[in-house]
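Residue numbers (the numbering used here), protein chains in the order written: chain E, 1 to 206; chain X, 1 to 136.
Don't read these hints as lab results, they were simulated from the structure.
From the three backbone atoms N, C-alpha and C, an ideal C-beta is built for every residue, glycine too.
Just so you know, not all the hints are guaranteed correct.
[Claimed, not checked] Estimated spans, in silico, between C-beta atoms of each pair:
| id | chain 1 | residue 1 | chain 2 | residue 2 | range |
| --- | --- | --- | --- | --- | --- |
| 1 | E | K94 | X | D110 | 50 to 56 Å |
| 2 | E | Y83 | X | Q33 | 54 to 60 Å |
| 3 | X | N133 | E | D76 | 18 to 24 Å |
[Said to hold, decoys possible] One-sided and incomplete, this derived list gives chain E residues near chain X with beta-carbon spacing under 8 Å:
| id | residue |
| --- | --- |
| 4 | N128 |
| 5 | V130 |
| 6 | V133 |
| 7 | L162 |
| 8 | T168 |
| 9 | V171 |
| 10 | T202 |
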Amino acid sequence: MIKPGNNFIIRQILHFYVTWIVWRHFHELKFDPVEIAPDKSILLIANHFSFWDSLILYVVCRKLLKKKFYVMAREDTTVKFQYVKYGGAFSINKQSRDMLQSLDYAAELLNDPQNLVLIFPQGKLYSNFVNTVQFEKGITRIMEKAEGKFQLLFATTFVQYLKHKKPTATVYLKTEPSFSKSFEDLKNAYQMHYDNAKLQQTEIVI
Amino acid sequence: MMQEDHLQKRMFFRRVGGFSINQKSKEVVKSLQYAAELLDNPNNLVTVFPQGALESNHIDEINIERGIDYIVKKIKGDCQIIYYSAFIEYFESLKPSVYFRFLNCGTNRDFDFERLKTMINDHHKKALKEQVNAEH
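Isolated chain E, as found in the complex (with noise of 0.2 Å):
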């Protein structure tokens, strides 16, 4: 398992570089406020369907959730892209018996009311255009491991142009308060969640 890099100057730097490239890729990066609880750390439950997306969810964190940003990543991405990790990134591995310690560490990780931890369940890329978000079981082992530490957030991020030329990112957030489910319960209050912000989206007619 690949552990987040405590670099300071390469985690400023990072922190200097995503926040340009969003800047200049997007035209707009659109989200909505949610209440924070200052006294837990941030659980936050998203779609993947492109680098982007950890990128997108970097700047949301910093300027809006004010929390130390990490990322569960794929173990091939962690070592391809080695500087991930010094924005936070740790790595895991579905076919191997590291596994566990990587969800173990992010449970630990939420013991520190001063971190927010990034997860995609769907565990790799999909389409933007998917109706359902595939769930993989690791989650609810985190969530057992640090119940009570964390506040759950659940965020969907859609990628549109409409008439600008370049792309705005939506990402809608939720607070979803009670967090002691079973995977099936999680997963449909992520689905209904995800249904809500894809109908919103596609509303938008100019």
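Position chain X against the provided structure of chain E, taking the given hints into account.
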């Protein structure tokens, strides 16, 4: 064929083939007529967005305005009708890719508006399904 207010903001598009349509004006017939005239010439290609508005890339129902019916019936020459669904996605790349999925809708000789509507909507739904399973 472009919405008039969109074209007015970007007049240089006229130089590369843009012409306007305004659904709310009486001139709407003129624009449709003009499109039909262009299509009389087999060397031309006219792009028409039958939705008549910019709609989200995530919709699964394509709304088709009657204008296309008017255009096709006015064409005097021979003309092939092609529809495509385009989806923009990123996946592993920071630059987006566009996925085009084409559909042959026949010619102006055997045109039927209702049939075109169902054909396009069936195709779009199929294209969305294929998109979800697209290789990347």
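Looking back at the numbered hints, which does the structure fail to meet, lowest number first?
6, 8 and 9
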